[in-house]
Amino acid sequence: MFLKILKLSLRDSLKHPLFTILMMIGVVVSIFSMTTIVAIGDGTKMEIVKVLQGFGFGGDVMMVAAGGGRLFRHRPSNVKTLTLADAEALRQFPFVVDVAPRQGIRRYPIHYMGRSFKTRILGVTPSYLKVGKYAIDMGQALNQRDLRDHLKVCLLGKTVAKELFPKDMAAALGQFIQIGKFFFRVKGILAEKGQLGRFDMDDRILIPLTTCSTLFIRDTYIHAISVKLTDAKNIATYQKLVKAFLRKRHHLLPTQPDDFRVVTSLDVVRIVNQSSRELTRLLVRIMIISLLVSGIIITNVMLAAISERRVEIGIKRALGASRRAILIQFLFEAIWLSLLGSLIGVGAGVLVAYFLRNMIPVSLSLHPLYLAVGFGFLVGTVSGAFPAYRAGQVDPIRAILGGRR
Amino acid sequence: MMPVISLNQVEKRYVSGSVITEVLKGVTFSVLPGELVSIMGPSGAGKSTLLYILGCLAYPSAGQYKLDGVDVGTLPDVALSRLRNEKLGFVFQSFHLIPQYTALENVLLPTVYSKGSRKEKKQLTDRAKELLDLVGLSERYHYLPGELSGGQRQRVAIARALMNNPEVILADEPTGNLDSRQSVEIVALLRELNERGRTIILVTHDPEVGRQARRLITIRDGVIQSDEPCS
Numbered sequence: 206m207f208l209k210i211l212k213l214s215l216r217d218s219l220k221h222p223l224f225t226i227l228m229m230i231g232v233v234v235s236i237f238s239m240t241t242i243v244a245i246g247d248g249t250k251m252e253i254v255k256v257l258q259g260f261g262f263g264g265d266v267m268m269v270a271a272g273g274g275r276l277f278r279h280r281p282s283n284v285k286t287l288t289l290a291d292a293e294a295l296r297q298f299p300f301v302v303d304v305a306p307r308q309g310i311r312r313y314p315i316h317y318m319g320r321s322f323k324t325r326i327l328g329v330t331p332s333y334l335k336v337g338k339y340a341i342d343m344g345q346a347l348n349q350r351d352l353r354d355h356l357k358v359c360l361l362g363k364t365v366a367k368e369l370f371p372k373d374m375a376a377a378l379g380q381f382i383q384i385g386k387f388f389f390r391v392k393g394i395l396a397e398k399g400q401l402g403r404f405d406m407d408d409r410i411l412i413p414l415t416t417c418s419t420l421f422i423r424d425t426y427i428h429a430i431s432v433k434l435t436d437a438k439n440i441a442t443y444q445k446l447v448k449a450f451l452r453k454r455h456h457l458l459p460t461q462p463d464d465f466r467v468v469t470s471l472d473v474v475r476i477v478n479q480s481s482r483e484l485t486r487l488l489v490r491i492m493i494i495s496l497l498v499s500g501i502i503i504t505n506v507m508l509a510a511i512s513e514r515r516v517e518i519g520i521k522r523a524l525g526a527s528r529r530a531i532l533i534q535f536l537f538e539a540i541w542l543s544l545l546g547s548l549i550g551v552g553a554g555v556l557v558a559y560f561l562r563n564m565i566p567v568s569l570s571l572h573p574l575y576l577a578v579g580f581g582f583l584v585g586t587v588s589g590a591f592p593a594y595r596a597g598q599v600d601p602i603r604a605i606l607g608g609r610r
Numbered sequence: 551m552m553p554v555i556s557l558n559q560v561e562k563r564y565v566s567g568s569v570i571t572e573v574l575k576g577v578t579f580s581v582l583p584g585e586l587v588s589i590m591g592p593s594g595a596g597k598s599t600l601l602y603i604l605g606c607l608a609y610p611s612a613g614q615y616k617l618d619g620v621d622v623g624t625l626p627d628v629a630l631s632r633l634r635n636e637k638l639g640f641v642f643q644s645f646h647l648i649p650q651y652t653a654l655e656n657v658l659l660p661t662v663y664s665k666g667s668r669k670e671k672k673q674l675t676d677r678a679k680e681l682l683d684l685v686g687l688s689e690r691y692h693y694l695p696g697e698l699s700g701g702q703r704q705r706v707a708i709a710r711a712l713m714n715n716p717e718v719i720l721a722d723e724p725t726g727n728l729d730s731r732q733s734v735e736i737v738a739l740l741r742e743l744n745e746r747g748r749t750i751i752l753v754t755h756d757p758e759v760g761r762q763a764r765r766l767i768t769i770r771d772g773v774i775q776s777d778e779p780c781s
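So the protein sequences, as listed, match chains V and B. 206 is the number of the first residue of the first sequence in this note's numbering; add one for each residue after it. 551 is the number of the first residue of the second sequence in this note's numbering; add one for each residue after it.
Don't take each hint at face value.
[Unchecked claim] When the alpha-carbon atoms are kept at most 25 angstroms apart in a straight line, the in silico DSS-like pairs for lysine-lysine are as follows:
1) V/Lys285 <-> V/Lys445
2) V/Lys209 <-> B/Lys679
3) B/Lys671 <-> V/Lys209
4) B/Lys671 <-> V/Lys212
5) V/Lys209 <-> B/Lys665
6) V/Lys453 <-> V/Lys433
7) B/Lys672 <-> B/Lys637
8) V/Lys220 <-> V/Lys209
9) B/Lys575 <-> V/Lys209
10) V/Lys398 <-> V/Lys250
11) V/Lys209 <-> B/Lys616
12) V/Lys398 <-> V/Lys323
13) V/Lys212 <-> B/Lys679
14) V/Lys323 <-> V/Lys372
15) V/Lys335 <-> V/Lys363
16) V/Lys438 <-> V/Lys338
17) B/Lys679 <-> V/Lys220
18) V/Lys357 <-> V/Lys335
19) V/Lys448 <-> V/Lys386
20) V/Lys220 <-> B/Lys672
21) V/Lys212 <-> B/Lys672
22) V/Lys220 <-> B/Lys671
23) V/Lys338 <-> V/Lys363
24) V/Lys335 <-> V/Lys398
25) B/Lys665 <-> V/Lys212
26) V/Lys250 <-> V/Lys220
27) V/Lys255 <-> V/Lys372
28) B/Lys665 <-> B/Lys679
29) V/Lys448 <-> V/Lys438
I should point out that these hints are in silico values taken from the structure, not numbers from a laboratory. Predicted model, so just to flag it, every value in this text is computed and none were measured.
Build out the structure end to end from the sequences listed, making use of the hints.
Structure follows, in structure tokens:
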């Protein structure tokens with residue numbers, strides 16, 4: 206009998222399409238907006254992780270930066286704490302695959318045949334290309350000889366190459382470009398890495414670290430070391446070991462703060478999560494509000510539907526429906542409509558996210574689906590309970606006699 | 551023969567605020583299986599109230615009502631509903647078909663609330679069609695009530711009342727909304743059903759219709775005024 210009543214309630218709600226649509230609409234809208242927000246939020250998070258990986262800052266890389274303090278602060282250019290020896294010493298750890306120390310100068314003027322441009326100059330070792338996942342498009346990579354002999358050779362990023370050699374990039378190879386007041390031979394052109402966020406990964410020139418030290422920085426202190434690790438799993442442990450090791454090397458007393466920072470992608474993700482927690486909190490608020498609103502809509506529409514369907518209830522009671530049977534029918538109607546509304550909302554949200562995928566980062570997961578099912582069930586039950594009870598209490602005689610009494 | 555319906559000093563009062571309306575003031579009678587009984591009386595005499603007590607939609611305020619040997623006054627809602635479903639069939643003045651259901655679906659509605667699994671669906675549908683054939687609507691299975699005439703609607707309602715093979719059919723002014731030709735047809739149909747052994751109780755204020763029964767109970771001011779066989 207229970208199943209038959211459930212089936213009847215499905216059929217009945219299809220026979221009252223207006224009420225059905227009105228009841229669902231609140232749930233559809235709230236689940237739809239929630240799905241979209243979740244998809245965009247997740248998408249943004251994933252985009253950030255992707256950006257980090259593009260940086261050569263995946264889960265198996267940590268970065269040691271000169272200077273202590275907060276993880277991401279404006280980099281001080283004259284911090285003199287980190288040395289090339291520090292970088293080499295890190296190789297003694299079994300979990301360190303490679304180290305890539307570097308120095309950098311931002312927005313340094315370069316010239317070629319009357320063309321001028323400002324770009325980032327990075328003084329690096331050959332390891333940097335491997336750790337940072339750079340590929341050579343044309344020409345050759347930097348090698349140990351370049352480093353040992355402080356050679357004035359350089360690798361151009363695609364943006365720089367296009368800027369200085371707009372007609373034919375390949376013509377750049379072997380040419381001498383002017384960095385500051387020094388002439389460098391173009392040894393190779395880096396493969397395109399693309400735009401990551403607003404940051405152009407191709408707007409840079411790589412030169413040997415030693416050359417950079419002597420000509421531009423005029424000091425051997427380095428700015429950062431990228432450390433490639435054997436695995437990403439134990440990165441937190443590795444981070445601690447490296448920290449302790451460097452503190453010891455720098456003869457820091459327990460009371461002194463670190464004069465370097467060890468940053469892993471976990472730290473970045475944590476910061477991203479912090480901002481996404483704000484989003485989650487907002488989402489929870491929206492959820493509670495839409496839960497209330499959809500619930501109120503369902504309750505009211507159902508009450509209206511029940512007064513509209515009083516005669517029908519009376520007839521059913523006369524034909525043998527108990528109060529409980531009527532209650533079950535209407536409660537089930539509320540639950541299944543709310544569930545259906547949620548599913549439609551998820552569907553619409555997924556569809557919109559799908560169409561938006563080329564404009565903004567979106568990510569689709571099963572979470573909104575679970576959320577929607579739970580939400581639909583909860584809203585349906587809570588907001589359907591009172592109207593369903595009222596439906597069960599309809600006096601069959603009054604309903605049947607209608608105007609006659 | 552054991553009576554299918556027996557009332558003993560049944561009273562019904564409606565209380566609204568401090569006003570107590572006594573509608574039935576001690577009604578006693580019984581109906582044997584196979585009878586065709588008319589209950590007549592002027593408006594406000596308590597006919598409908600009596601019918602809805604007979605129909606287990608209202609409890610008597612005092613007195614005893616036994617339906618097929620079961621004392622109805624002591625039953626909880628679920629058991630009472632089952633009793634309605636299994637033992638009683640209703641025919642109403644304004645037909646009370648569910649407008650969104652087809653004729654067939656309306657006839658099948660009582661089976662939703664009966665015991666039994668859905669496996670019998672085919673059998674049930676066949677039975678509903680047979681009943682529609684019986685009331686002369688073999689071509690109208692899938693019509694909505696709005697597409698049927700008043701007489702046809704009442705026929706659907708009668709088929710629905712018969713669906714669960716009840717002991718008693720209760721008809722509340724079944725011809726009240728019909729023209730005279732259709733009234734004659736519906737009364738003839740009810741008589742035919744009675745001749746096949748169905749117990750029928752008919753509430754009406756139309757003497758034409760009332761006289762068609764084999765027994766006429768006249769009720770006035772909540773008491774039985776006369777209870778006599780008619781020719």
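For each hint, the structure was consulted:
no. : hint                  : in the structure
1   : V/Lys285 <-> V/Lys445 : 22 angstroms, holds
2   : V/Lys209 <-> B/Lys679 : 20 angstroms, holds
3   : B/Lys671 <-> V/Lys209 : 11 angstroms, holds
4   : B/Lys671 <-> V/Lys212 : 13 angstroms, holds
5   : V/Lys209 <-> B/Lys665 : 10 angstroms, holds
6   : V/Lys453 <-> V/Lys433 : 21 angstroms, holds
7   : B/Lys672 <-> B/Lys637 : 23 angstroms, holds
8   : V/Lys220 <-> V/Lys209 : 16 angstroms, holds
9   : B/Lys575 <-> V/Lys209 : 41 angstroms, violated
10  : V/Lys398 <-> V/Lys250 : 20 angstroms, holds
11  : V/Lys209 <-> B/Lys616 : 30 angstroms, violated
12  : V/Lys398 <-> V/Lys323 : 19 angstroms, holds
13  : V/Lys212 <-> B/Lys679 : 21 angstroms, holds
14  : V/Lys323 <-> V/Lys372 : 19 angstroms, holds
15  : V/Lys335 <-> V/Lys363 : 18 angstroms, holds
16  : V/Lys438 <-> V/Lys338 : 20 angstroms, holds
17  : B/Lys679 <-> V/Lys220 : 22 angstroms, holds
18  : V/Lys357 <-> V/Lys335 : 21 angstroms, holds
19  : V/Lys448 <-> V/Lys386 : 39 angstroms, violated
20  : V/Lys220 <-> B/Lys672 : 23 angstroms, holds
21  : V/Lys212 <-> B/Lys672 : 16 angstroms, holds
22  : V/Lys220 <-> B/Lys671 : 21 angstroms, holds
23  : V/Lys338 <-> V/Lys363 : 15 angstroms, holds
24  : V/Lys335 <-> V/Lys398 : 14 angstroms, holds
25  : B/Lys665 <-> V/Lys212 : 15 angstroms, holds
26  : V/Lys250 <-> V/Lys220 : 45 angstroms, violated
27  : V/Lys255 <-> V/Lys372 : 32 angstroms, violated
28  : B/Lys665 <-> B/Lys679 : 20 angstroms, holds
29  : V/Lys448 <-> V/Lys438 : 18 angstroms, holds
Checked against the numbered hints above, the structure violates hints 9, 11, 19, 26 and 27; every other hint is satisfied.
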